[in-house]
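Undergrad: I would like the entire structure built from these sequences, with the hints used as guidance.
Okay, here's what each chain looks like letter by letter:
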Amino acid sequence: MFTSRQQRSVLPGFGLSLGFTIAYLGLIVLIPLSAAFVRTLGMSWSDFVAAVWSPRVIAAYKLSFGASFSAAIVNAFFGLIVAWVLVRYSFPGKRVVDALVDLPFALPTAVAGIALTAIYSKNGWVGQYLEPYGIKAAFTEVGVFIALTFVGLPFVVRTLQPVLEELEPELEEASASLGANRWQTISRVILPELAPPLITGFALAFARALGEYGSVVFIAGNMPMRTEIVPLLIITKLEQYDYRGATAIAVVMLVASFVLLLVINLLQNWSRRYYKV
Amino acid sequence: MSAPVGSTLIHHPAHSKGAPRATHDPKWVRWGLTAVALLFLASFLLLPLAAVFTEALRRGIGTYFAAVVDPDALAAIKLTVLTAAIAVPANVVFGVAAAWAISKFAFRGKSLLITLIDLPFAVSPVISGLIYVLVFGAHGWVGPWFAEHDIEIIFAVPGIVLATTFVTFPFVARELIPLMQAQGNDEEYAAIILGASGWQTFWRVTLPNIKWGLFYGVILCNARAMGEFGAVSVVSGHIRGETNTMPLHVEILYNEYNFVAAFAVASLLALLAIVTLILKAIVEWNHTRARG
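Chains as they are written, first to last, in the numbering used here: chain A, 139 to 415; chain B, 3 to 294.
Bear in mind the hints are in silico, worked out from the structure with no lab data behind them. Heads up, a few of these hints could be off.
[Unchecked claim] Some, not all, of what chain B presents toward chain A, calculated at C-beta under 7 Å: (1) F107; (2) A124; (3) V137.
Don't be surprised by glycine CBs; every beta carbon is placed ideally from N, CA and C.
TA: Right under this line is the structure:
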C-alpha cells in the first residue's frame, strides 16, 4: 500500500522514516484503538444493545450531544464576532487578547473545571448574582454547557481568522460601489464566504465537547439520568469493573467521533476548493 | 480534537495592518462588537484564570507554599515532568520521521496516513485511557503476560506514559507536515548533490529550516502532556505519591475539600499554560515578522 512512486528519489531515508512512522502509529494508536472494536465483537447483539441503549445511557447521550451542540452554537456566534473584531479592528492590547484565545488549549481541563466550579457555585463571583434569579449553574446542565463552551471556544475563532485575513477587500468594495449598504454587503457577500470555515469551526468545537471529561466532572454534579455525561458514564462502568459495558459505549462514541472527523475533513476540502475559485 | 486547527504557523499570515478601508463599519458598530467580543472573552477566559490564583492565595502566601512543597505534591510534580520527558521526545522523533516521509517522498496512501495521524484528536480522553486498559489491563490482550513477568503497566507509571503519548501523538507531526511540505525539497537536493550524507542533510539543512515549527509543536505537545487528565485518570491507580500526576493530585485535593491546596497545585499548571501561550505568541510573532 505504501510504496514509493518516486522510485529513484535523491533523498535517503524513505524506508526508515516511513517504516518507523507506520510501526509507531500502529503500536501507539491503531492496535489499542482496534482493541475497543475487537472486544465489542465478542458481545452478542442483544448484550450490546442492552449496554448502549439503556435509559441511563440514553439520558447521558442526550445531555452530551445537547450540551455540546448548544455550546458549539454559542461558540459559533461569539467566535464570529471575536474573529471579526480581531482581524478587522485595532484596539490596545489586541495581541494579548489574540494570544489569550488559545487558553482553553493550554490550560489543563481539570484546572478549568475547578475554576469554573468556583466561579459559578452559589457563593462564586458569578454564581452569587445568578442565585437570586433562581438560576443554578454549578451542578446542573447549565454547568455542563458552560464548561463545554470554555473548551470549544478557540475553534471557531481560529478557523475563521485566516479566512477573514485573506478575504479580498475588492469584494466589499465592488458590493459597496454597486449600491449595497453595509448590512447587505455583510449578509450577502461576506457571510456566505465565511460559511464553510464557520461550519468547520462549529463541527470541531462540537466534536471536542462530545469527548470532554476533565472540565465537566467538577461542575456537573454527576447525577445519573440528569447531569451525567457519556465519558463519565464510561469511567463509572470501568470503576464497577463492567469493562464490556464501558467498551460498548466507547465504541458508539468512537463511531460518532469518526463520522464527525470525516464530515470535518469534507468540510475543510470544501472550503479549500471554495477559496481557490 | 484539541488541535489549534487554524493556528498552525502555515495558516497564520500577518494580521492586516488596519489600513483604512473604503468599506469600514460605522463607529458604533466597531465599538459595540469590540465590547461584546472582549466581554465574552473576559467572562470565559480571564475570569477562570483569575479565580485559580485568587482561590490559591485565599489563605495567604504561606499556606500556598506549604501546599506546593507538600511531599505528595512534589511527587506529583516529579511524575508529571517524568511523563512529559518521555512522551514529548517520543512524539518529536515520530513527528520528524512522519514529516520527512510525507513531505520528501511521493507514495500511495499518503492522505490516509495523514488522517490516521490526526486520529487521537478525535478520541475522547477517557476512551484513550480505556483502550490501554483493554490491551494492558488484567484481562487485556497482553496484560496477563506482563503480569506473569511482574511488569506493571496499568495503574502504574508506564500506563500513564502510554496514555499521555497517545493523546499528544499528533501535535508535533501536524505542525511539521504542512511546514515541510510548503518548504519543498530543493535545499535538501542541493545538499545531497554537493556530497552531504542523509543525516548531515537533515541536521544542517532541514532542522535549521524547521526549528521554529518544531519548537511550536513541542510547547503545545508539552502543555497537553503535563495537563492531561481524563486519559491518565483511567490508567492511573490514583496512589498518592506514586501514580498521581499534577492534574490527578488537584482532583484528589479538591474532592477532599482541601480547596486552597487544590488551587495552589492548579495554579502551577495555570502558570505553565500562561508560559505556553507567551512562547507560542513569540514564535508566531517571529514567524510573521520573518516572512513580512
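Undergrad: Give a verdict on every hint.
TA: Each hint tested on the structure:
{"no.": "1", "hint": "F107", "in the structure": "holds, 5 Å"}
{"no.": "2", "hint": "A124", "in the structure": "holds, 4 Å"}
{"no.": "3", "hint": "V137", "in the structure": "holds, 5 Å"}
Hint compliance for this structure: no hint is broken.
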